[in-house]
Every structure is written in C-alpha cells, then in structure tokens.
Amino acid sequence: MAFSIPPFLQFMFRRVLQIIPVVIAIAALNFLLLSLAPGDAADVISANNGGASAEEVQALRESLGLDRPMIVQFFSYMGGVLTLDLGQSYVRGMPVLDLVMSRVPATLLLMVTSLALAVLAGILLGILSSTRYGSLLDRVMSIISLLLYSTPHFWLALMMIVFFSVHLGLLPSGNIATIGGDFSFLGRVWDVFVHLILPAVTMAMFYIAVYMRLMRSSMLEVLDLDYITAARARGASEKKIAYSHAARNALLPVVTLAGVQIGHALGGSVLIETVFGWPGLGRLVYESLLERDTNTLMGILVVSSVLVIVVSLCIDLVCGLLDPRIVHK
Amino acid sequence: MTSLLTVKSLCVGFPGKRGVLPAVEDLDFHIAPGETLAIVGESGSGKSTAALSIPGLLSRSSRPVVSGSVRFEGQEMLNMPDRKLARMRGPDVGMIFQDPSTSLNPVFTIGRQICEPLRTHMGLDARAAEARAIELLELVKVSAPEQRLAQYPHNLSGGMRQRVMIAIALACSPRLLIADEPTTALDVTVQAQVLRLISGLQKSLGMAVLLITHDLGVVWETADRVIVMYAGRKVEEGPVRRILSQPSHPYTEGLLRAARKEGRDGFLTEIPGVVPPPHQRPPGCAFEPRCARAIAACRAAVPAIRSTGPGQVAACIRAEEGQPA
Ligand SMILES: Nc1ncnc2c1ncn2[C@@H]1O[C@H](COP(=O)(O)OP(=O)(O)O)[C@@H](O)[C@H]1O
Ligand code: SF4
Ligand SMILES: [Mg+2]
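Going down the list, the protein sequences come from chains W and X.
Residues 1 to 329, numbered by the numbering used here, are exactly what the first sequence covers, in order.
Residues 1001 to 1325, numbered by the numbering used here, are exactly what the second sequence covers, in order.
Just chain W, same shape as in the assembly (with noise of 0.2 Å):
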C-alpha cells in the first residue's frame, strides 16, 4: 500500500466509529425503561390541564401518536433520534432539542471546572503524598481525603453556603449570575466565574478526594517499578523522578477512571444544581421528574449520554498520548 493512515488517526477513527452504536444503544434503553413507567404524555397533559373526560385522553393520545402499537412508537422514535428530532416537551411547549440544548453550557461549565480542578488537584496531592509516604504530611492527607469522600454531597453544599455566602457574604449562594445585572462583557465572565466557585468547588471536593487517593496508590505502585529504579541508576534526580517519570506512567489510570466518572459526576450535578440553582441539565432533570415531562426525561438521558460518551472519546484520546502503547493494540 502507498498510502498509509498514521497510527494515532486510526487509533482515533477506530474509537469515534465505536461510538454510534453505542448511542443508538443508549437511546434504545432509555426508551424501553420510560414506557415501563405507568402513564403516559396524554395522562399527563390532561392532568396538567385540571382533568379531561376519557374520551378527550383517548383523543389527546390519538393526537401524540401514542395509540400506535410500541413497536411502532419506538422506530419513530428511535428514527428522530438518528435525525436529531427528540420530540416535543408537552409541559413547556418547545423542543426537547432546544430546551435540552439551552442548558447543556450552563452544565458542560460546571463539570468541566470541577474535574478539571479535581483532577488537577488530586493529582499534585496524590504525587505529593507518594513522595513523602509514610510521613506524617501523608497520613494527615490520607485522614481529609476519607473525610472529604464520606461527606454527602448535600450537606457539603448547604455548608459551603452556609459557611461562605451566609456568614462569610463572600459569594453569592446560587444562580449562575446576577440577576438583572447590568455588566460589560468582562463585568458578565466575572460575574458568571464568582457564582461558579461554590458548585464547582463542593463538586470538586469529593473528586479530589477520589483522584488523591488514586494517584497515590498509582504512583506507590509505579515508583516501584524496574524503569524507576533504572531511572535512578542513571542519576535522575527525585523530583524529576517522581513528577516526570513515574506520574507520567501513574496518570493513566486516574485519566481512566476521571473518563469512567463523567457519568457519576453528571448524576451529582442534579443535586448540586439544584442546592446551588444552576440552570444546566441536573437541575433540567428535576424540574422535569416533578412536571412527570417524560420526552424532555428521554432527551436529556439522550443528550447527555452523547456528552459522556464524546468526553470518554476525548480521555481516550488523551490516554493515547500519554502511552504510546495503548495507539498500537
């Protein structure tokens, strides 16, 4: 063959091409687990509207299509789903798209702030206690990280609140900006960046927790390796030893499990967007289960699951770069 496709691009292609089947999967679930609820689109409309006679629901269900045997319902839907139609939002009369869109940002920046910010911290700390194992820097580490991860999330948020915007009046408790405010540009990001610090720090908080101990146990293991002792033997100093050698190889696995936990922490951010008022998708999610909105349920479960699985392309992708072995297999 003349042409050849480097490695890292067909290491790439491979991975973008695995996705498609596992969104229709995804979508495929979804639906199968909201028809089980008891139910449906025209009980609720009608309930919403102050009740309707039986005949008015049957006609109303007729209307939505949803008379259809389920097989059917589930190709049409499954069909909008290929061509980005997620169906109407009966309660709020708009788009599922659109109305799941409009709060994807406000989300993407809150988890992207807090994992960044754990992963980043979590990682300094966890080389940090590798290094000084055993000392009592490590152990005192050890103690706040088992603390941090057993503090439920929701009294972390109400304390942080309590503790910072309450007593503390330094940051606003909620909301991801002033309401009415009336800013330049710059006056806007600033304003969006101090409302972000409480969510996105409370969120971080337990994930630190998670990629210190991570990264420790990683490094312990890989300090321990041949290559380090090698490393060493051809005078390496320690810091180089510990932050470029041996973090390089012990990052993969805290790399891994940060793209493992982009669900779980998509999950968290219901209940931090809603003791904080984030206007994103977690909060989306409760509004929607109180308003029994099933499509705008299904589109966000859609959505979001394209968003975990475009971030987990993208720690692929990066795990590839740091270990060149992982584009080979």
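Everything labelled a hint here was simulated from the structure, so no lab data went into it.
Do not rely on the hints blindly, as some may be mistaken.
Said to hold, decoys possible - Label-pair ranges, simulated between beta-carbon atoms:
1) X:R1196 - W:R139: 45 to 55 Å
2) W:F13 - X:E1073: 39 to 49 Å
3) W:R139 - X:D1224: 43 to 53 Å
Stated by the list, open to error - Under the rule of at most 30 Å between Cα atoms (straight-line distance), these lysine-lysine pairs were calculated in the BS3-like manner:
4) X:K1203 - X:K1008
5) X:K1203 - W:K240
6) X:K1017 - X:K1084
7) W:K239 - X:K1084
Beta carbons: idealized from backbone N, C-alpha and C, even for Gly.
Go by the hints and put chain X with the ligands onto chain W.
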C-alpha cells in the same frame, strides 16, 4: 593494589513479619580499576541485593536496613545524601539490569532516555545530546540509530532494548559498570552477542565491571576474579582459573558439576534442594542441609573465611589450603 570499589562487612536486611531478614551478610570484596569481578550463585543468594546496595538503589518501599561500608575511590557511598549519590550514578557507577523489557520507561522515547544522563551530568544541550546518543547507539551496535531515537521501547526487540540500556549506562563513561544478569532474560543467540559487546566495551573504555550471573560459562569467558555467594554470604572467592579448576567449597564444586551437565536438570541432581530463604537459614554453615560432605561440626558456627590457595579464600571448615574439597 589500588582499589576502585571496596565493600566491607556489607549487611542488608529487609524488615518482615519475623523481624529484619538478612539478604546479604558480612560481605567483603573489592574491585580494581579495569577489572571484571563476577558474582555467581543460585537465585536467592543475595547477588542483586548486594549489587543494588552499592549505588543505593535498593527498593525504598521495602525499607532495607543496610550497614557496613561501600567506598568508591575512598568515598563512602552508604548513607550518602540522595543528591550527592545521584551525581555519582552515571559518571562513576553505571548499571544495567536483568530484564530490559521492564527497565526502560514505556512512555518515553529511546532518545529521551539516552539523552537524560547526558543532559543531567554532562550539561549537553538537546542537540549535542542527540548527536552523542546516536554515537552511543552506534557503539552498542544498534541498527538505524537515528530512527531509534524517536521510537518507544515496545518498538524494539529484547536484545535491542538491552543494547539501549548499555548505551544509557555508558553515556557518562562510568568507571564501574554493574551488570545484574544482563543476559538472563535474552534469547540464547542474543546472549553471547550482548556479553561480547560488554567485554569489548570494557576493554576499549577501561572500565571495571561487576558482573552478576548464575552462568559459569559466562564467568569463564569474561571475568578475572569470581565470588561465589550462597544464602547471603560469600562462600568462595578467587581468580577465575583457580576457582573453576580447583574449587575449595563444596557448593562451588556442585555448581561446576551442574554446569558441566547439559540441560536444566543438572542442578537438581548435583545440588538437590534450594537456597534457604532468609528466615529458614540453619545455624552454622547455611549449605549444610544440601552438602554431601557435611559433618556435625558444620552446624556449630558459620565457617570463617580462610585462605585455600593463591588469591583464593573459602568459608568451609573442611576445605584445606591447596587441597580441593
Ligand atoms: N525488596 C525486597 N524485599 C524483601 N526481600 C527481598 C527484597 N529483595 C530481595 N529480597 C530477599 O533477599 C534474598 C536475596 O534476593 P536477591 O538479592 O534478589 O538474590 P539473587 O539476585 O541472588 O537471586 C531473597 O531471599 C529475597 O527474597
Ligand atoms: S562447612 Fe560443612 S556443610 Fe558447609 S560446605 Fe563445608 S563441609 Fe559442607
Ligand atoms: Mg537477582
């Protein structure tokens, strides 16, 4: 005789559930500049532990307890601060390891790993280091050296990796090269090539070599003097010709008989049993349970080292001067 490395009463123990378990006990030896000293012994006799303790490379997580003295050109290396020791690793003492597939960092290129000591110790800039790296790869006979720099360890064969390890160890022209079973993990055909490479380089560079092996054929071909270790102790030492023709210790004898028998099972018939691990060593001579010449007195005390021939010493109460056991 001037000595490059002098090791005196070296003891290394690893803390375990039953207290500190001795892996190396009371080891004395020296290496002259340009000399090749071989350490032989079965697996578990403490060869690697002894070798690693010289440049302070024992696994930290196992919290080794080290005592005695290791002097390089008169400078005490035990308990030397990390920074100072790091400056000696490379220019003074180089080291290559048993398994080249695990001794190279899998996520760094070959080039980066060869350039590392050149940049840290010799202060070369990136470009000069790279040029020197190519020379080193040529020296160890790696084909297509320019292309290798950008490759990763997994792109290379085992023999090539060990050549790269040798290039790294030689980068700063050490005066002592410690080679811990450098060919054990390699294919038989490659073993001879790598050994020839090491002894060729030793002669042309004039460095001393501490060669650890369990292969007496290798000792015969490359070493000047040899130390036989058993259960953490030196049991015999002397010039290679002398040791291989007139061994004074029953263990050395057994090793020789086993080596002369073809195949792997030589060991089982000549010296039945295994090296006792540190917590199961008998009092007195550690070889007693496996020794055909053992008598009651062997259990009484650890046999003292004594002269058994010109330049030859052994730790066996039944070995007499000038008389093979
Ligand atoms: N890091 C370690 N922790 C605990 N015990 C060890 C360690 N390294 C070696 N030992 C013990 O020391 C003894 C000698 O091992 P080693 O020096 O590797 O022997 P050799 O290289 O001759 O095979 C063995 O019994 C081994 O179990
Ligand atoms: S001291 Fe005794 S047991 Fe030990 S090697 Fe000599 S004869 Fe054998
Ligand atoms: Mg060994």
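Checking against the hints above, which ones are violated?
2, 5, 6
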